[in-house]
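Visitor: First to last, the protein sequences are chains A and B.
Residues in the first sequence are numbered from 0 upward in steps of one, following numbering that gives the first Met the number 0.
Residues in the second sequence are numbered from 0 upward in steps of one, following numbering that gives the first Met the number 0.
Check the hints yourself; a few may be wrong.
Only part of the chain B face toward chain A is listed, based on derived beta-carbon distances under 10 Å [said to hold, decoys possible]: (1) Thr46; (2) Ile50; (3) Leu268; (4) Ala281; (5) Ile293.
Anything over 10 Å on all C-beta distances counts as not near chain A; from chain B, calculated [stated by the list, open to error]: (6) Leu4; (7) Gly17; (8) Ala42; (9) Leu136; (10) Ala239; (11) Val265.
Don't read these hints as lab results, they were simulated from the structure.
Quantities reported herein were computed from a predicted structural model and do not represent experimental measurements.
Note that CB positions come from ideal geometry on N, CA and C, so glycine has one too.
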Amino acid sequence: MLVLALVVIAAAAPLLTSYDPAAIVVQHYAGPQAPGPGHPLGTDTLGRDVWTRIAYGARTSLSVGALAMALSLVIGVTIGVVSGYFGGLVDATLMWVVDLVLTMPTLLLLIVLSAVLPPSLLTVPLVIGLVGWTTFARTVRGEVLSLRERDYVVAARALGASHARIMWRHLLPGVIPGVVVLAALGMSGAIGIDAGLSYLGLGVPHPTPSWGRMVSEFQTYFAVAPWLVVMPGVAISLGVIGFNLVGYGLTDILGTRRS
Amino acid sequence: MAGYLLRRVVRALSTLLGTTLILFLLVRVVPADPAVSIAGPKADPETLAAIRKDLGLDQPVAVQYARYLSQLARGDLGRSYVTGRRVADLIGQRLPATALLGLTSLAVGFLAGLATGMFTAARRGSAWDLAVLVVTLVGLSLPTFWVGNLLVYVFSHRLRLLPLQGYATWWHLVLPATTLGLAEFYFYARFVHTHVGDALGADYVRTARAKGVPSVRLYVRHALRNALIPIVTLLGLDIAGLMSGVVLTETVFNWPGLGRLAVQAVFSLDVPLMAGTVLFSAALVLVSNLVVDILYGVVDPRVQRG
């Protein structure tokens with residue numbers, strides 16, 4: 000399973016660079032949609048090659064996903080470690096904040112945030128990241144709670160190490176395996192959410208190719224040119240599946256329990 | 000029991016309060032002058048000033064928040080900038096559609112998932128086991144809006160069996176409910192498969208089997224009973240997920256529900272409507288979580304001490 004996952008991801012990466020030839024918006028013919036091969040996946044209503052747009056879309060999706068993931072990770076892990084380590088009131092307050100964020104249905108919150116900030120290549124991951132950190136926080140907190148009582152941590156405290164030092168040098172490394180797994184699974188989630196946002200029209204703005212937006216743009220042409228909608232969807236699915244597999248594979252390797 | 004209940008309710012209320020605060024702050028950051036949104040770009044300064052005064056925008060922030068809270072307490076969610084109608088009314092109008100879609104999808108997805116999960120749980124290690132895991136993984140990765148489109152293409156366009164979109168007859172419910180229901184199905188099938196499967200491997204089950212308890216009874220009374228708790232908890236917590244799913248599905252099928260209302264609100268920067276819908280959904284989620292917590296406390300008294 001792991002091999003499959005890695006293959007899929009590896010396949011996505013070279014897409015990023017291998018398709019430089021035709022720039023994203025290749026105006027081939029002035030003619031509208033053309034069927035299947037000739038161009039491997041056909042062309043769209045503006046004469047752009049679908050394959051190229053999908054390939055570049057991979058770049059968009061991956062970067063949005065990665066940025067969002069990074070943000071979620073940083074916020075979530077920080078909160079999780081602090082919360083688990085200090086316990087008590089700090090913990091209670093932070094977990095209450097987690098509940099707060101979780102109470103609002105993700106997509107709804109996302110679309111509201113998108114209204115507040117203008118959609119751009121930067122704001123989309125920002126928004127997704129701001130909403131997605133809760134899983135990291137909770138899992139990390141759980142692990143910290145157990146790690147906290149381990150001998151080496153107790154020893155460090157006895158030796159007078161400062162809180163910050165303990166958290167950074169001792170607890171953080173212990174938390175990493177779990178975090179890595181979550182990161183992979185989170186990527187898959189981020190890609191999916193980004194697709195949804197783009198579909199609604201709140202994702203990355205115009206010339207940049209985005210799989211989700213491609214689906215909504217060509218919905219109306221489904222009857223005549225189904226591949227225009229099918230292809231981006233397949234791409235999204237593969238991306239999500241790929242990262243999910245990576246996540247599961249990592250779980251097996253790292254031997255941590257899935258949350 | 001009463002202590003547990005009280006704690007839970009207090010927690011829920013405080014979370015709700017926090018939500019209102021966040022929304023209130025969020026709303027103030029939206030790049031649209033409310034007075035202009037209401038009166039239009041050509042309104043003269045006096046009208047704008049009057050509107051602002053009426054909305055209380057000239058007051059300090061804390062006062063505005065207090066005002067907001069008191070309005071909420073009375074069930075007043077404000078008025079839409081675009082249509083001028085009461086947000087609460089708009090929500091009430093759209094709620095049945097969403098409820099119908101959401102509950103149908105959940106029911107179908109849950110029951111199908113439960114049945115499938117139970118079936119495969121008993122057959123661990125066989126081809127069914129692998130099949131379930133693979134199918135659910137793939138299924139959960141498919142974007143809902145895409146699946147919706149595919150279904151429309153196959154069933155409406157090609158086969159001409161079901162209507163394309165809209166909200167007129169019972170037939171119109173089939174495709175959207177299937178789309179959302181599928182997502183739920185994958186989720187529950189996987190979960191039930193894992194949990195019931197685990198439960199079946201437990202000692203007490205083996206004991207029962209050794210005692211000669213017949214299979215069916217084994218599944219239902221022993222394995223399912225114990226796996227039921229997390230499953231039911233999940234049902235309650237899924238409300239939040241449903242709300243998100245509903246947004247996309249309603250958009251694809253032009254289903255006149257809350258999800259689409261929210262999207263429209265965002266596009267027209269209709270602040271009160273946006274805030275209202277989010278607040279309402281948050282409240283729904285809180286209530287269902289509370290219910291789940293209470294049930295959980297009742298079913299498993301150990302929880303009450305925690």
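Visitor: Work down the list of hints and note, for each, if the structure agrees.
Guide: For each hint, the structure was consulted:
The criterion of a C-beta within 10 Å of any C-beta in chain A is not met by B:Thr46, whose closest approach is roughly 25 Å, and the hint is violated. Hint on B:Ile50 is violated. Least Cβ distance to chain A is approximately 21 Å, over the 10 Å limit. Interface hint at B:Leu268: satisfied, since its Cβ lies 6 Å from the closest Cβ of chain A, which is below the 10 Å cut-off. About 5 Å separates the beta-carbon of B:Ala281 from the nearest beta-carbon of chain A, less than 10 Å, and the hint is met.
Taking 10 Å as the C-beta cut-off, the interface hint given for B:Ile293 is violated, the closest approach to chain A being about 16 Å. Separation of B:Leu4 from chain A is adequate, the least Cβ-Cβ distance of about 18 Å exceeding the 10 Å criterion. Once the 10 Å rule is applied to beta carbons, B:Gly17 is inconsistent with being away from chain A; the minimum gap is 5 Å. The claim that B:Ala42 is not at the interface with chain A holds, since no C-beta of that chain comes within 10 Å of its own (minimum 22 Å).
With a minimum CB-CB distance of about 6 Å to chain A, B:Leu136 fails to clear the 10 Å threshold, and the non-interface call is violated. Consistency note on B:Ala239: stated as away from chain A, yet its beta-carbon is not over 10 Å from all of that chain's, at 5 Å minimum. Look at B:Val265: its CB is around 4 Å from the nearest CB on chain A, not clear of 10 Å, so calling it non-interface is violated.
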